[in-house]
Structures are given as structure tokens and as C-alpha cells.
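From first to last, the protein sequence lines are chains A and B. In this text, residue positions in the first sequence follow numbering that gives the first Met the number 0: the first is 0, and each later residue adds one. In this text, residue positions in the second sequence follow numbering that gives the first Met the number 0: the first is 0, and each later residue adds one.
Check before you lean on any hint, since a few could be wrong.
[To be verified] Here are the simulated distance ranges between beta carbons:
no. : chain 1 : residue 1 : chain 2 : residue 2 : range
1   : B       : I238      : A       : K29       : 54 to 62 Å
2   : A       : N211      : B       : L234      : 52 to 60 Å
3   : B       : N33       : A       : N10       : 40 to 48 Å
4   : B       : I1        : A       : K22       : 27 to 35 Å
5   : A       : A14       : B       : N226      : 29 to 37 Å
6   : B       : L234      : A       : K239      : 58 to 66 Å
Hint data in this document are derived by calculation from the structure and do not stem from the laboratory. Heads up, the beta-carbon is just placed ideally off N, CA and C, and yes, glycines get one too.
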Amino acid sequence: MKEEPIINIKNLYKAFGKNKVLKGISLTVKKGEDLVILGRSGSGKSVAIKCLVGLLKADKGKLEIFGTDITKLNYKQLNKIRLRIGFMFQNGALYDSMSVRENLTFTLKHHADHLTEENIEKQILEALDSVGLIEAIDKMPSELSGGMIKRISLARTIIIKPEIIFYDEPTAGLDTITAQEISELILSVQKKYKTTSIIITHDMICAKMTGNRIILIKDGLIYVQGTYKELENSSDQWVKSFFFATNQYAAAPGFPA
Amino acid sequence: MIAIVKEQLTQAGNFSLFIGRFFKEIFVPPFQINEFLRQCYTIGCKSLPLVSITGFIMGLVLTIQSRPTMTKFGAESWLPSMVSLSLIREIAPVVTALICAGKIASGIGAELGSMKVSSQIDAMEVSAVNPYKYLVVTRILATTLMVPLLVIFADLVGIYGGYIGYNVHGTITMRRYFSEVIEHLDFLDLMPATIKTFFFGFFIGVIGCYKGFNASSGTASVGLAANSAVVTASLSIFIVDMLAVQITDLFF
């Protein structure tokens, strides 16, 4: 893993009215790193990554991606950065009026005028092959299951060959087996495309499988960070409570060693 | 009370900014021609059956209902011109626009509202595609262009409905009926009525888009956006119509 910081957050603050969600988060992510962000619902995990892609405006703080502070960019400049970033939404967020093929070509057609139809088709097939769903190419999102929607959403994310991928609860709402398949898929994408990943999840199996560093957010601040093992063996009561459920999952078949 | 006034003023401010952004984005490339044409088809062609039926019924009913009074005054021969003038100047534009408000504004409000709550608009944004330009500008342009065309179509079908209505209790050839209609039609009957339909179309599009684009989270807000779009668009049609009539009256 190279030691270049690809994301650098300094004192990120974000409030919605009187509700202060983020209270000065500082964080650095190196190139090629796979960071998992854990925390209770409403702790500001999703808010933090939405600030990073400019979907939400930070109240205060410095948000550097690829060495550029995105809070100082105009819309056009921000979009240039966004083309190097992938974002997988919690519900997949596939365009439901478009087929799988159209979903995948949407960004390409808007930003890659130089690509021929043949090239676009090749890229679609490659992305769908990576998620194992070539047969769904002409289906509509309404014809897909929850797991398939997540896979297609991942294919749509990787088709632009992003350097960083944000995963917002990629396994939420899926059964244990499908959730594990998605985690394995994230792992294979990390290896194949050599992306830097930030994964927000409540799923400890996913966290263990996909992250090489884990941070825990509590009350709008980073509470603790380390590897899965370090946090699992932490003596802190609050951290322990987080990992308590994992021990129960560990007894279940299929839990990674 | 102060809070309500403040909220209304904030809404008015946001709505003005939304319209302002439309005029800013419309001239900046890239132009979403394919999406604009798709919207023209969805908004225009798919509304044709509904507009045809209502236009025909408007002309038919207006002729049948007006006939006894016109006959009483010995002005039965004026029926074609009276019906066509009423349709072209007022009835067809307003009724067609109201139908479009019900069908198109609610459709746009629900579609964009649903896209908003399911993060599809956010997905577009992070894909570096301007969702305002792709979703809003194309729809507003399509309604502004299609509603006048639908009104003109409703005028024609309505006048034909009037011909059928005339022949229910009387006899007139199609040639004579239409020559009566054209003879009494003036450029000033057509122009103001047509110009105001562009404003009807614009407000139907802009209100539908505004309500959908600003839907809050939750599925209930999709229904609310659709409902609110219809009510506000319908109200705006009456207000625009009232202003158009006043302005026309002042100048012509």
C-alpha cells in the first residue's frame, strides 16, 4: 500500500438546525486503503461521506480529496473530482425509468464522448461480469431483487473506473448470505480495480471482510480507530458493546476466520 | 403567525431562485436534446387522447347548450363563430391547461419526488451529471412548448365537435361551418390566446419540477408533491389567465 493521503478531512462540522451531527471530525485515508466507518444510527457516518462528495455542504472544515479542498471548488471543478469517485448508495439508487444497460451507460454517455458504442458495450459487459450479472443487462430495476440491485449499483459505480469508492451501507436490508456475497464482491472490486474504499456499515461481517482499518464514530467525533482485531479486543465498554453481536455471528457458519 | 409568513416568504424566495436557475442553465451547454425530445413525446403525444376527447366534448356541449339561447335571439347562424371564438380565446386554453396541470404537473411532481426520496437525484449529482439541467430544464422546456401545441389541437378538435353539435338539431355542411368559423376569426383572437398558453405550459412545468425536486424524505412526500403540484399549477393557470385577459384588454 502506498503512503499517499488521498483523502484528508480536518475539523469537519455539520449541523442540521440545532442538531449538531459532526463536531470536528479529522481523518486521513491513504491511497489503496480500505476504511470502514462504524457507528450507531444517526451518528453522522453517511453525513460525513455526503459532505466528501459535495452532496451536503460542510458548515466548517477542510475536505481534501486528491489534494484539492472541495469546499473551495465551483460546481464544474467539483464535477471533475466526482468523475474520479464512485458512490454506492444504501438503496442502490438505480434510475428506475432506465434499464440496467441505460443505468450503466448514463454517466459514460455524459462524460465520455470519445467512446464508441462498441467501447461502451464492452465496458458495460466488463462491469456486469465483475458483479456476475451479465444476464440482467436488459432488465428494468423493478425486475431485480435487493441483492441484484446492489450488484448493479456496484457495476454502475465501477464502470467509470473510480479511484475512490464510497459504500453507504452496502449490505443493509439483505439476508446474511447475500450480504456476505456483496462483501466478497467489494473485496474483489478492491483487488481488481485497486480502489481506495470508504465503507459505512452496521454489518460487522462486512467490516471484518472489507476493511483494513476501522473507525468508530460516537457523538459526532471519532471515538476510536484501529484494525478489526484491535477493536475487537478493546477494553472500552462502548467498543465492546459494538463487537458483542459479532461474537454471536462468529458462531454462525460462513463467518470469515 | 410570524412563522407562517416567514415560511411563505422563504418558499416564495426559493421558488424565485428555482426559476432564476432555469433561465441561467438553459443557455449553458451541454444541452440535453435527447431527454428534451423524450419529454416532448411523453408530455405531448401521450396527452393527445385526453386532450382530443375533452376538446371534442367542449365544442359539442358548448354548441348544444348555446343553441336554444342563440335561436331565441334569432342568431343561430352565429353559432359557429361564437363557439369557435369562445373556444379559441378562453375555454380551450384554460380547460386544456387544467387537464395538463392534472396529468403533467402531477406526473412530474411524483416522478421527481420519487427520484429525490430514493436518492436517484443524488446518484445523478455524484455522477457529475447536473440533475437540474437533465431533469428540470428539459421538462420545463417540454411543457412550455407542448402545452400550446396541445391547446391548438384542442381548438381544432373542439371546433369540429361544435360542427357535430350543430348537426344534432340542425343541418350545416362542413364547408359552410368552417367558412363561418374562419370568417369571424381575427389575428387578435389567436395571438393573445396562444401567447398565454406558453405561460401556462411554463408554470405547469416549473411548479411540477419545483414540488418534486424539493420533496422531503419519505414516501408520503411523493404524494404530497404530486398533489401540491396539481393544486398550485391549477391556481397559477387562473392567475396567469386573469393577468393575460387584463393585459389583452388594455392593449387590444
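| said: Taking the earlier hints as the rules, which of them does this structure contradict? | reply: none
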